[in-house]
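Asker: Sequence:
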Amino acid sequence: MYPSMYPSASNPFNPWSQQMLSGSQSNTAGRPLPATPDLHAPRPHTVVPPRPSRPPPAPGHHLPHAMQEYPAYPFAQNLPHLPPPSNVLPRPLCAPFVVPRAPAPPSYHQPPSALLYHTHPPYHIPTSASEHVAAVGPVPRVFPLSTASWKDEEKLAYERDNWREYSTKVENQLGMIPGAARFLESTEEDPNPCPSFQMYPAHHRAWLDTDRVVRAFLSDTLTVTECTHIAHCKTAADIWATLRYRHLARGPAGQISALKRFANISYASDPGTFAATTTLLTQCNEAIWQCGTPNPELFLLSGIISALEANHGTIASTLLAQPNLDLAMAIVALDARQCRPGASNGGEAFAASTTTTCSNKACPKPATHTWPYCTTAGGGMAGKTVREAQTKYRADNGIPEPTPRPPKAPHVKRDNAGRAYVTLGGTDHYLATAAPPVVPPAPAAPPVPAPPAVHFADAADGLITDAIPPGTDPPLEIIFFGGDREKKLSS
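The sequence shown runs contiguously to residue 490 in numbering that gives the first Met the number 0.
Source of the hints: derived by calculation from the structure; they are not laboratory data.
It should be emphasised that the depicted structure is a prediction, and the values quoted were computed from it without experimental measurement.
There are no misleading hints in this set.
If you anchor each label on the Cβ, the simulated ranges turn out as follows:
1. 317 <-> 270: 38 to 44 Å
2. 393 <-> 208: 50 to 56 Å
3. 226 <-> 264: 29 to 35 Å
4. 281 <-> 208: 37 to 43 Å
5. 140 <-> 188: 22 to 28 Å
Distance condition first, Cα-Cα at most 27 Å in a straight line; then the derived DSSO-like pairs of lysine-lysine:
6. 259 <-> 360
7. 259 <-> 383
8. 383 <-> 364
9. 168 <-> 259
10. 383 <-> 150
11. 150 <-> 360
12. 233 <-> 168
13. 383 <-> 360
14. 154 <-> 364
15. 383 <-> 168
16. 259 <-> 364
17. 154 <-> 360
18. 150 <-> 168
19. 168 <-> 154
20. 383 <-> 154
21. 168 <-> 391
22. 233 <-> 154
23. 391 <-> 150
24. 259 <-> 391
25. 391 <-> 364
26. 391 <-> 154
27. 391 <-> 360
28. 259 <-> 154
29. 150 <-> 364
Idealized CB from N, CA, C, for every residue including glycine.
Full structure from sequences and hints, please.
Answerer: Written out as structure tokens, the structure reads:
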């Protein structure tokens, strides 16, 4: 056992005791020796005054992250957000600092903004990942979207005026996925803000990914012209608001088009179509009033456009393409056309008949129609067929449908030999009075040389008769008739 290091007379390794044994006894006379302390006695503890307690934080605050390490020093409050550690640390020595809650209200992609943990002692720190998920809520899954079912004529285009059909299909398709329709429009009753990255980093990334999916879906269902108008939008809600304002607030041009459609609608003779026609009239009426309140100038402008379409379709198409069309702009365009060199003066300018051309730059045949009936990309009926454009032109101008012509009689034709025939269903039928086609005879086969003829009598010359014993039978006499030759064979 190691000797004790406390001063003692029995400790030979203590220099004090060695000095006492070898030195003068007078120096230590009357001085008591120090006693050996008891090692098992309780040691006295230094009383430390308690630290002043920090006042509890104001209500309505919660901790920034469930697994974040709380700093134990005041200067640690300026440190950036730390990721959650791999293991849970023990309770800190001081009260943790708190940050204000997210300013955004709760939504599907952001958990409720209630107090996640206690902000006063005893502090609650989650000890597992499941406890943290139970406090902040699960991270929403990013959903996929597909545009495989969309046709080219169903995409949104300003010249087609199909916002009602397009918006209905988009809302129905996104409505099949829970929470997807909230990215189109955020309201006070159903908000959808972006979660705070400091408080909910996983929810923040999931919200950005989902918004990017919705933006890609909307961009893929638009024409090239519409995509140029939403290039500055950063979120799906911005894209949806821009498209809705562009197609609903079309101005006087859209209002004039709606008025023309409203005036050209008529009920058919079949009473079963009355409900569908009434619905169409209701939609046109809503489109008229969405563009603004009609006024006398608007009605006059509508009459000017309708009067120009008969003989001056180019001027009408140019005016309708202006987003801020008004009556003054139409009057200026008419005056400029009237004063142009080569134009007639007075009332003859409006009665002059000019060739109708299409103002669409991409139209391959602009001289055959006007812009409202152009089926090329950028025209008034882009994506439609030529027959549909012709039908709409007749309906807008009151032209009746052409009556079907009776089938023509089959034309009689003649072939190279002069025979008459008709073609029915792709097959040639010769007339009864015509001679049937002459089938040429098949070529004769080349003659086969016959073997040389041998006379039977000549062949019999070499015959040898059997020997006949004498006295058995009389001699035989055989006569061969071989034409004009006769031979006798006698035994």
